[in-house]
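2 protein chains.
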Amino acid sequence: MPSYRNLDESSAFKDLLALGPPPSLASLLSGKRVGDCEMAMGGGLSFNWAASPVDSPRLDLLGRLAEEQELVAKFRLLSSGEVMNPGEKRLVLHHLSRGELTGKVVRDGRDYGAFYAGELAKIKAFAAKVHAGEIKGSTGKRFDTVVQIGIGGSDLGPRALYLALERWAKAKGRSRMAARFISNVDPDDADSVLASIDPASSLFILVSKSGTTQETLANETLVKTRLAAAGLDPSRHLVAVTSETSPLAKSPSYLAAFFMDDYIGGRYSSTSAVGGVVLSLALGSDTFAELLAGAHEEDLLALNPEPRKNPALLDALIGLYERNVLGYAATAVLPYSEALSRFPAHLQQLDMESNGKRVSRSGEALAYKTGPLVFGEPGTNGQHSFYQLLHQGTDVIPLQFVGFRENQLSPDVLSEDSTSRAKLDANLAAQIIAFAAGKSDAEANKHFPGERPSTLIHGKALDARALGALLAHFENKVAFQGFAWNINSFDQEGVQLGKLLAKKVLAGREEAEAKSKGQGPEAALAAYALLLGLGRK
Amino acid sequence: MPSYRNLDESSAFKDLLALGPPPSLASLLSGKRVGDCEMAMGGGLSFNWAASPVDSPRLDLLGRLAEEQELVAKFRLLSSGEVMNPGEKRLVLHHLSRGELTGKVVRDGRDYGAFYAGELAKIKAFAAKVHAGEIKGSTGKRFDTVVQIGIGGSDLGPRALYLALERWAKAKGRSRMAARFISNVDPDDADSVLASIDPASSLFILVSKSGTTQETLANETLVKTRLAAAGLDPSRHLVAVTSETSPLAKSPSYLAAFFMDDYIGGRYSSTSAVGGVVLSLALGSDTFAELLAGAHEEDLLALNPEPRKNPALLDALIGLYERNVLGYAATAVLPYSEALSRFPAHLQQLDMESNGKRVSRSGEALAYKTGPLVFGEPGTNGQHSFYQLLHQGTDVIPLQFVGFRENQLSPDVLSEDSTSRAKLDANLAAQIIAFAAGKSDAEANKHFPGERPSTLIHGKALDARALGALLAHFENKVAFQGFAWNINSFDQEGVQLGKLLAKKVLAGREEAEAKSKGQGPEAALAAYALLLGLGRK
Numbered sequence: 006m007p008s009y010r011n012l013d014e015s016s017a018f019k020d021l022l023a024l025g026p027p028p029s030l031a032s033l034l035s036g037k038r039v040g041d042c043e044m045a046m047g048g049g050l051s052f053n054w055a056a057s058p059v060d061s062p063r064l065d066l067l068g069r070l071a072e073e074q075e076l077v078a079k080f081r082l083l084s085s086g087e088v089m090n091p092g093e094k095r096l097v098l099h100h101l102s103r104g105e106l107t108g109k110v111v112r113d114g115r116d117y118g119a120f121y122a123g124e125l126a127k128i129k130a131f132a133a134k135v136h137a138g139e140i141k142g143s144t145g146k147r148f149d150t151v152v153q154i155g156i157g158g159s160d161l162g163p164r165a166l167y168l169a170l171e172r173w174a175k176a177k178g179r180s181r182m183a184a185r186f187i188s189n190v191d192p193d194d195a196d197s198v199l200a201s202i203d204p205a206s207s208l209f210i211l212v213s214k215s216g217t218t219q220e221t222l223a224n225e226t227l228v229k230t231r232l233a234a235a236g237l238d239p240s241r242h243l244v245a246v247t248s249e250t251s252p253l254a255k256s257p258s259y260l261a262a263f264f265m266d267d268y269i270g271g272r273y274s275s276t277s278a279v280g281g282v283v284l285s286l287a288l289g290s291d292t293f294a295e296l297l298a299g300a301h302e303e304d305l306l307a308l309n310p311e312p313r314k315n316p317a318l319l320d321a322l323i324g325l326y327e328r329n330v331l332g333y334a335a336t337a338v339l340p341y342s343e344a345l346s347r348f349p350a351h352l353q354q355l356d357m358e359s360n361g362k363r364v365s366r367s368g369e370a371l372a373y374k375t376g377p378l379v380f381g382e383p384g385t386n387g388q389h390s391f392y393q394l395l396h397q398g399t400d401v402i403p404l405q406f407v408g409f410r411e412n413q414l415s416p417d418v419l420s421e422d423s424t425s426r427a428k429l430d431a432n433l434a435a436q437i438i439a440f441a442a443g444k445s446d447a448e449a450n451k452h453f454p455g456e457r458p459s460t461l462i463h464g465k466a467l468d469a470r471a472l473g474a475l476l477a478h479f480e481n482k483v484a485f486q487g488f489a490w491n492i493n494s495f496d497q498e499g500v501q502l503g504k505l506l507a508k509k510v511l512a513g514r515e516e517a518e519a520k521s522k523g524q525g526p527e528a529a530l531a532a533y534a535l536l537l538g539l540g541r542k
Numbered sequence: 006m007p008s009y010r011n012l013d014e015s016s017a018f019k020d021l022l023a024l025g026p027p028p029s030l031a032s033l034l035s036g037k038r039v040g041d042c043e044m045a046m047g048g049g050l051s052f053n054w055a056a057s058p059v060d061s062p063r064l065d066l067l068g069r070l071a072e073e074q075e076l077v078a079k080f081r082l083l084s085s086g087e088v089m090n091p092g093e094k095r096l097v098l099h100h101l102s103r104g105e106l107t108g109k110v111v112r113d114g115r116d117y118g119a120f121y122a123g124e125l126a127k128i129k130a131f132a133a134k135v136h137a138g139e140i141k142g143s144t145g146k147r148f149d150t151v152v153q154i155g156i157g158g159s160d161l162g163p164r165a166l167y168l169a170l171e172r173w174a175k176a177k178g179r180s181r182m183a184a185r186f187i188s189n190v191d192p193d194d195a196d197s198v199l200a201s202i203d204p205a206s207s208l209f210i211l212v213s214k215s216g217t218t219q220e221t222l223a224n225e226t227l228v229k230t231r232l233a234a235a236g237l238d239p240s241r242h243l244v245a246v247t248s249e250t251s252p253l254a255k256s257p258s259y260l261a262a263f264f265m266d267d268y269i270g271g272r273y274s275s276t277s278a279v280g281g282v283v284l285s286l287a288l289g290s291d292t293f294a295e296l297l298a299g300a301h302e303e304d305l306l307a308l309n310p311e312p313r314k315n316p317a318l319l320d321a322l323i324g325l326y327e328r329n330v331l332g333y334a335a336t337a338v339l340p341y342s343e344a345l346s347r348f349p350a351h352l353q354q355l356d357m358e359s360n361g362k363r364v365s366r367s368g369e370a371l372a373y374k375t376g377p378l379v380f381g382e383p384g385t386n387g388q389h390s391f392y393q394l395l396h397q398g399t400d401v402i403p404l405q406f407v408g409f410r411e412n413q414l415s416p417d418v419l420s421e422d423s424t425s426r427a428k429l430d431a432n433l434a435a436q437i438i439a440f441a442a443g444k445s446d447a448e449a450n451k452h453f454p455g456e457r458p459s460t461l462i463h464g465k466a467l468d469a470r471a472l473g474a475l476l477a478h479f480e481n482k483v484a485f486q487g488f489a490w491n492i493n494s495f496d497q498e499g500v501q502l503g504k505l506l507a508k509k510v511l512a513g514r515e516e517a518e519a520k521s522k523g524q525g526p527e528a529a530l531a532a533y534a535l536l537l538g539l540g541r542k
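Residue numbers (this note's numbering), protein chains in the order written: chain A, 6 to 542; chain B, 6 to 542.
Any given hint could be a false lead.
Copies of the same chain are indistinguishable here, so a pair counts whether it falls within one copy or spans any two.
Unchecked claim - Lysine-lysine pairs mimicking DSSO-like chemistry, simulated, CA-CA at most 30 Å apart: (1) 509 x 444; (2) 374 x 451; (3) 508 x 444; (4) 129 x 255; (5) 141 x 127; (6) 508 x 465; (7) 451 x 520; (8) 134 x 522; (9) 127 x 146; (10) 504 x 444; (11) 94 x 508; (12) 508 x 255; (13) 509 x 374; (14) 94 x 451; (15) 465 x 504; (16) 175 x 146; (17) 520 x 465; (18) 177 x 374; (19) 134 x 177; (20) 19 x 374; (21) 141 x 177; (22) 314 x 465; (23) 129 x 141; (24) 451 x 508; (25) 255 x 504; (26) 509 x 522; (27) 94 x 255.
Honestly, the hints are just simulated from the structure, not real lab data.
Whole structure, please, built from the sequences with the hints as guidance.
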């Protein structure tokens with residue numbers, strides 16, 4: 006069994022610190038290095054780390070760190086069904102939703118791979134019936150729109166993936182239904198979506214693992230109320246994605262129920278039924294199957310103990326070097342692809358909810374930094390926005406670029422002697438070098454210090470397989486970093502306190518005026534509730 | 006005339022550092038403090054700083070810092086038409102687009118207030134004709150959709166404002182046209198928008214101050230090509246927003262042209278013609294006038310030298326304390342309002358492009374941190390995403406909450422004994438306290454350290470006036486911080502190098518293969534260009 010040690014106990018980590026600052030990026034860069042730092046990912050993608058601050062001695066030490074922290078061994082444990090979420094005493098099985106990595110996982114008599122495959126088959130059969138018009142709305146209209154009701158992992162990942170493939174599916178003739186998403190408990194969110202669709206031809210997917218998510222249940226009530234007011238039978242317009250033990254599992258309020266379980270966390274659930282139902286309905290079951298295949302290809306690479314052949318591991322180690330040796334606090338994710346407009350928001354949850362932890366898996370406070378802040382917007386848009394600070398601000402923020410050589414659907418148009426596609430990709434190449442190498446200028450405000458590191462994921466086109474690989478790459482990167490930091494990347498206790506206090510405000514609002522007179526946080530809570538219009542009859 | 010001194014020369018700043026750590030938030034909080042820390046903003050909004058780490062001695066020192074750095078005096082100079090953008094030798098006049106603050110600004114024979122008012126009158130008259138059907142598309146269809154083509158400040162602010170008021174305008178019967186936005190040079194962006202509208206009834210607004218923005222011109226070419234292919238006359242479907250000296254200003258390719266000028270920067274241009282045309286067409290001229298009025302109310306408050314009566318100044322000083330005394334690197338903007346879903350993206354540009362600077366206005370490298378990283382998503386969505394790191398991560402990230410007491414349009418629905426609105430606001434109140442006060446727990450992963458500071462902007466409802474005030478508040482906050490840091494918040498030289506290198510890649514792509522054999526950043530640039538499919542015939 007691997008042992009669990011904090012990062013600062015690793016001798017390779019100490020050696021990395023002792024090695025001092027890395028060589029400058031400007032001195033590292035060459036055409037040859039760009040070629041040497043290119044490696045294959047799944048889904049036809051490549052990972053390039055030429056513009057990262059890792060040279061050969063540092064790469065060797067990072068490889069030793071990976072061995073000392075037993076990162077790949079721990080990834081194998083995960084995939085083979087060990088309890089890798091000790092806080093909640095749970096297995097971590099999202100990989101199994103796209104294929105076996107290290108054999109079957111059987112617990113308490115259940116073969117989990119077979120369970121996930123069974124749900125996938127149910128989804129495929131259901132989608133086929135909807136597409137064929139065998140399942141229709143309560144007024145007899147065929148369903149042409151699917152609306153996902155969910156929040157957090159039930160929203161961000163599936164939404165990002167749908168947006169990423171919407172135009173590609175159109176180009177391939179695979180587009181089956183339009184998809185929309187309702188997440189916020191702000192009722193103007195749900196009503197805004199409802200105003201833009203025809204409820205009579207819309208199928209709603211209620212997604213909540215526990216069946217008790219406050220926001221999602223409130224939105225279910227809202228949607229059902231609106232459907233009933235429009236003369237529709239809500240039970241013929243809703244399906245559920247939930248766990249078998251949830252109150253939603255066997256309710257007659259739904260046309261059908263599809264199951265996931267506690268061994269797939271919300272932010273890792275896009276390849277389970279949580280993403281499967283909406284993506285299969287909207288973009289076709291073949292598209293979802295290809296997405297899973299791409300993710301599985303990428304997962305297989307994560308089993309390789311050699312960082313130069315394991316892109317997620319190398320990406321994780323570079324990020325660790327930037328966070329814990331160079332001390333950088335944030336990472337920007339910058340896809341040069343409008344289709345990936347919400348992919349950074351998904352990664353924000355994936356990374357920050359997984360690795361935003363201050364105690365080790367055994368509960369000691371850590372003496373080093375863990376997960377960085379993750380944010381991003383598509384390029385070239387970001388260039389005209391926050392890149393100013395990235396180039397010339399007082400903090401260095403490492404960058405993760407993503408780019409493709411082909412459009413998804415658009416036939417391109419020439420302007421000023423080049424296509425839009427060429428401009429997009431030229432800007433991407435240019436930014437990597439501008440950030441890394443900078444430019445001297447006698448005028449101080451035109452001087453670029455450079456030495457802003459980046460990596461690049463690139464491929465021919467953003468198709469379902471590439472997208473699956475991209476998704477899995479970041480999931481596995483986050484897992485490797487969590488193992489290196491010796492934290493539990495798979496719980497999220499930090500979301501509980503707010504829920505608890507919100508219930509207190511809602512439950513006791515008549516007492517708010519009295520309470521608000523007092524000292525301390527509880528009194529302040531009541532006072533804030535009053536400011537926000539709660540607590541008055 | 007005020008003098009320009011670096012922050013670390015201020016004696017109040019030194020005293021703030023010497024004062025040591027602030028009292029704990031848990032000890033500061035009380036019902037009374039929530040009341041005491043409430044102050045009026047424009048547009049019917051309030052600013053509350055009870056959960057910030059500023060007590061009475063620190064507030065006094067921050068007030069002294071504001072005096073020493075002459076923050077309000079510099080704001081007055083700005084509004085009175087001094088050259089406050091020394092790098093580009095420009096005045097900074099966005100305030101004047103919504104009203105006079107300290108009198109007329111006349112330069113080189115032009116009364117700028119009258120100029121902006123004149124353009125506003127032109128916009129109002131044009132919108133009236135479009136709404137009345139006097140101006141129609143080339144096939145005789147009435148315009149029912151307006152599409153803004155612009156990037157950066159020509160996109161983020163106007164888009165955020167449109168989304169913020171779309172449903173409110175519907176509720177008030179003011180909704181005139183649907184608005185859409187094309188920004189990215191990725192052609193799938195433009196084509197995706199075009200696929201969702203009827204071009205025959207769509208009016209396009211080309212927004213580029215210089216008339217040379219590469220992405221915007223490429224999108225113009227794409228849109229014109231598609232319109233012509235659909236049998237439409239592009240010149241009868243396009244208007245321009247540009248400067249009088251730009252190549253677009255007097256072109257016969259446009260139905261009309263509306264002007265701004267070099268004295269209003271892109272990220273500050275939402276209240277000029279850049280936001281005015283699209284918002285007046287989509288939501289009505291009255292709505293845009295109310296937005297301007299709300300912004301002007303807020304601007305007037307920024308002239309008050311007393312921080313306790315100047316919300317933007319106080320907000321700026323609190324942010325400065327968190328950045329330069331407590332050392333926090335980022336700020337999260339968290340609106341509990343789905344309508345503000347893209348407002349954080351606008352603030353990200355506004356703040357990071359303005360204050361992401363490493364040299365003083367006179368060109369010395371600074372020894373302290375300037376603008377923070379700014380990011381955010383609407384609550385409650387963020388709670389189910391990155392809040393884990395905000396609560397239990399290893400870095401403290403201060404928070405700016407925004408909330409309202411009423412829905413925009415939705416008639417609310419009860420679920421589990423409370424409305425969605427009550428749940429939304431209860432969560433907001435709860436999070437403020439959860440972040441500030443934390444919670445002890447014997448289980449380390451359930452322990453919340455607290456001491457995460459926040460401020461709250463709140464109001465009755467998000468209407469046009471409130472939104473204008475919210476916009477102006479952050480603009481003025483950013484300006485005050487820029488003055489305190491002694492930087493030029495109004496240029497953006499950091500965006501130039503990438504543009505230059507991108508042109509190099511596009512211009513010399515046939516040479517890429519040869520170049521990529523060499524050493525150094527230029528060779529690496531060529532190699533990256535090849536990887537991305539450029540440079541091959």
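Quick rundown of the hints versus the structure:
For the homomeric pair residue 509 and residue 444, the shortest alpha-carbon distance between copies (15 Å) is at most 30 Å, but the shortest distance inside one copy (56 Å) is not. Taking the closest pair of Cα atoms, residue 374 and residue 451 come within 30 Å of each other only across two copies (19 Å); inside a single copy the shortest separation is 33 Å, beyond that limit. Taking identical chains as interchangeable, the C-alpha atoms of residue 508 and residue 444 lie at most 30 Å apart only when they sit on different chains, with a minimum of 16 Å there against 55 Å within one chain. Taking the shortest alpha-carbon separations for residue 129 and residue 255, only the intra-copy value of 20 Å comes in at or below 30 Å, while the best inter-copy value is 58 Å.
For the homomeric pair residue 141 and residue 127, the shortest alpha-carbon distance inside one copy (17 Å) is at most 30 Å, but the shortest distance between copies (51 Å) is not. When the C-alpha separation of residue 508 and residue 465 is checked against a cutoff of 30 Å, the pair qualifies only between copies, where the shortest distance is 22 Å, while the shortest distance within a copy is 49 Å. In this assembly of identical chains, residue 451 and residue 520 lie within 30 Å of each other by CA distance solely across copies; the values are 26 Å between and 56 Å within a copy. In this homomeric assembly, residue 134 and residue 522 never come within 30 Å of each other (Cα to Cα): the closest approach is 60 Å inside a single copy and 56 Å across copies.
Only within a single protomer do residue 127 and residue 146 lie at most 30 Å apart by alpha-carbon distance; the minimum there is 23 Å, versus 47 Å between protomers. In this assembly of identical chains, the alpha carbons of residue 504 and residue 444 lie at most 30 Å apart only when taken from different copies (13 Å versus 49 Å within one copy). In this assembly of identical chains, residue 94 and residue 508 lie within 30 Å of each other by CA distance solely inside one copy; the values are 26 Å within and 55 Å between copies. For the identical chains of this complex, residue 508 and residue 255 are intra-copy neighbours only, at 27 Å inside a copy versus 60 Å across copies, given an alpha-carbon limit of 30 Å.
In this assembly of identical chains, the alpha carbons of residue 509 and residue 374 never lie at most 30 Å apart, being 33 Å within a copy and 40 Å across copies at closest. Taking the closest pair of Cα atoms, residue 94 and residue 451 come within 30 Å of each other only across two copies (15 Å); inside a single copy the shortest separation is 54 Å, beyond that limit. Proximity of residue 465 and residue 504 under a CA criterion of 30 Å is satisfied inter-copy only: 24 Å between copies versus 44 Å inside one chain copy. For the homomeric pair residue 175 and residue 146, the shortest alpha-carbon distances inside one copy (23 Å) and between copies (28 Å) are both at most 30 Å.
Proximity of residue 520 to residue 465 under the C-alpha cut-off of 30 Å is restricted to the inter-copy arrangement: shortest distance 23 Å between copies versus 61 Å within a copy. Taking the closest pair of Cα atoms, residue 177 and residue 374 never come within 30 Å of each other, the shortest separation being 45 Å inside a single copy and 50 Å across copies. In this assembly of identical chains, the alpha carbons of residue 134 and residue 177 lie at most 30 Å apart only when taken from the same copy (21 Å versus 42 Å across copies). In the homo-oligomer, the alpha carbons of residue 19 and residue 374 lie at most 30 Å apart both inside one protomer (15 Å) and across protomers (28 Å), since each shortest distance falls under that limit.
For the identical chains of this complex, residue 141 and residue 177 are intra-copy neighbours only, at 25 Å inside a copy versus 36 Å across copies, given an alpha-carbon limit of 30 Å. Taking the closest pair of Cα atoms, residue 314 and residue 465 come within 30 Å of each other only inside a single copy of the chain (20 Å); across copies the shortest separation is 57 Å, beyond that limit. Proximity of residue 129 to residue 141 under the C-alpha cut-off of 30 Å is restricted to the intra-copy arrangement: shortest distance 16 Å within a copy versus 47 Å between copies. In the homo-oligomer, the alpha carbons of residue 451 and residue 508 lie at most 30 Å apart only across protomers (18 Å), although the nearest pairing inside one protomer, at 53 Å, exceeds that limit.
When the C-alpha separation of residue 255 and residue 504 is checked against a cutoff of 30 Å, the pair qualifies only within one copy, where the shortest distance is 26 Å, while the shortest distance between copies is 58 Å. Taking identical chains as interchangeable, the C-alpha atoms of residue 509 and residue 522 lie at most 30 Å apart only when both belong to the same chain, with a minimum of 17 Å there against 66 Å between chains. In this homomeric assembly, residue 94 and residue 255 come within 30 Å of each other (Cα to Cα) only inside a single copy, at 26 Å, whereas the closest approach across copies is 70 Å.
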